[in-house]
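S.K.: Let's have the full structure, built from the sequences with the hints guiding it.
Mapping of the sequence shown onto mature numbering (1 follows the signal peptide of the UniProt record, and there is no 0): residues -30 to -1, 1 to 527, in sequence order.
Be aware that a few hints might be false.
Calculated pairs, BS3-like style, for lysine-lysine (alpha carbon to alpha carbon, straight line, at most 27 Å) [as the list claims (entries may be wrong)]:
(1) K413 <-> K256
(2) K298 <-> K256
(3) K271 <-> K256
(4) K473 <-> K271
(5) K473 <-> K205
Quick list of the computed label-pair ranges, beta carbon to beta carbon [stated by the list, open to error]:
(6) D291 <-> C523: 24 to 32 Å
(7) R494 <-> P524: 38 to 46 Å
(8) E204 <-> I409: 15 to 23 Å
(9) S400 <-> P203: 24 to 32 Å
(10) N197 <-> A339: 54 to 62 Å
(11) E324 <-> D287: 26 to 34 Å
Honestly, the hints are just simulated from the structure, not real lab data. Values in this document were obtained by computation on a predicted structure and should not be read as measured data. Ideal placement from N, C-alpha and C gives every residue a C-beta, glycine not left out.
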Amino acid sequence: MDRPPKTRISRAGRHSWLLLGLLVPPFACGTTGCTAPGGGNEFQSISAANTDLTADSDLVANHPGLSRVGASSPDGEVAVPEENAAPFMTEVAPATYEDGFLTPPTADLPESDPQTKATEFGTLVSQEAPIPTLDAPGDEQPISAAGQNEPSNMVRAEGQPIEALVSQALASHPRIQAARQRVAAATNVIPQARALPDPSFSNTFWPLHDQALQTAAGRIGNQMSLNQQIPYPEKLRSKARVASREVQIAQAEVEAIEREITESVRLAYYEVWFNTRAIEILEETKLLVDDLTEVAEARYKAGGSQQDVLRAQLENDRLDDQLVNLRKQKAVAQADLAALLQQPVGLIPETTAELDASASPTDIQSLIALAEQCNPSLRGLSWEIQRDREKQQLACLQQYPDFNVGVHWGLVNDNNDVISPVANGHDNLSFTFGTTLPIWREKINAGIREAGHRTASTTRRLEATRDEIYGKLRRLMAQADALIEQRDIYRERIVPRTEDTLKLAIADYRGERTDFFTLIETYRELLMFETQLARIEASLAGSVAQIDRTVGCPFSE
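M.R.: Put into structure tokens, the structure is as follows:
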């Protein structure tokens, strides 16, 4: 048979190119927001000339997840996915990348407040503070009532109850938001685990008509096949259960971080309260020392010793030194509290006048029972054991085969170029079925043993963590009981008796029946006892906060 005078594309080849042209655009124009093979971010803004997706009504109708972003911008932007409706972070709006930098969303904030810019996506809520200016030489900085030189941009917040500060920290702390994002990420693993593998499609064609494969039915110009792998049915369900356990483990991690942040806020709050209370005690004591100084000066004018006047002035200076140290400690505690609350640098948190101390628990057995139910670490390890058991079952399922089904179609031509005299041009259609052969038993048995060892390891970790929690609860309970007894002793006996002793000493000094040294020693004891009582109250509240975190839920309920 003579070869045609020139090479031409076969009809089957043209069909193949047409088929590829129909298949490629849906994959190239997917709107899932996934990264391209070359890299990039799913929320990346890409400049495009005169791009307006709102004008394409069919595209918007078929893909309701698309929204027009930056329509008023002169630089056109392609649409990005709307806010992910994840159950744990529905309030987080998607961030964008612009010129290589992360741009936080600000569309939900009122435009009338230029001082506030939201940085949702796990960042802080910051406020622009005025930049302090340097004073000219000779200018004096105003001194606050507390005796500190505070910058002009520092703003003292009103005292808030501790529960309000805890709620504020839990709502905005980036560690909690990051943990919630991990929960949302783990939630999206479940549909991936229970889904079938992607089917495979192959197309074999001969672009040169005279070189196509020939059969008795005619010349085969095109062959296409579609194959689908089907794992053993129980394997997909087991993988989905493993993914579900991962979600529960991540949720337990969120609860553990929330309890940790709550404890940190409480401890920082109690430290600020103690230093505030100690400063108040010292300032009240300074008033007493001023009165004693006046009495000593009066006695000196009446012919008494000048030594009493000098000692009174020295005591006043010593109190000023203690005030400076306490103010420094309070500033450090306020900085720690402000960092936990995500407050701006210029905002100084304050505490309430009275300490909102919770009632101390009395029954260690009830605390242990609550810890078994509520402690996030124990709950997380329990979910890990369940996950490892599911993995062990999945390892056992590897001894069962997976399946593969497919359909094949061949396009046959019966034109004049065929060799077979019985060519009829009927297309070929066939089905295939295959299976894997799990014959390597040593590999399967090793996977089963691995899963068993991991389950046993997690079980021992749970027992060790339970023992640590029990021991910590016993130590904290013993510490709280001792602090309660000390508080009652100081509040009901030591402080009242020292106050009465000081009143008698002042009266005796006015009547010249005692010396100034005895009076100073008595007032020093009262100052020490009152400060120690404040420290005991703050330590007791801190111990209760540690018990609350160790238990995992409020024990008063």
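S.K.: Does each hint hold? Answer for all of them.
M.R.: Results for each hint:
no.: 1; hint: K413 <-> K256; in the structure: violated, 80 Å
no.: 2; hint: K298 <-> K256; in the structure: holds, 19 Å
no.: 3; hint: K271 <-> K256; in the structure: holds, 22 Å
no.: 4; hint: K473 <-> K271; in the structure: holds, 23 Å
no.: 5; hint: K473 <-> K205; in the structure: violated, 83 Å
no.: 6; hint: D291 <-> C523: 24 to 32 Å; in the structure: violated, 45 Å
no.: 7; hint: R494 <-> P524: 38 to 46 Å; in the structure: holds, 41 Å
no.: 8; hint: E204 <-> I409: 15 to 23 Å; in the structure: holds, 20 Å
no.: 9; hint: S400 <-> P203: 24 to 32 Å; in the structure: holds, 25 Å
no.: 10; hint: N197 <-> A339: 54 to 62 Å; in the structure: holds, 56 Å
no.: 11; hint: E324 <-> D287: 26 to 34 Å; in the structure: holds, 31 Å
Of the numbered hints given earlier, the model fails hints 1, 5 and 6; all others are met.
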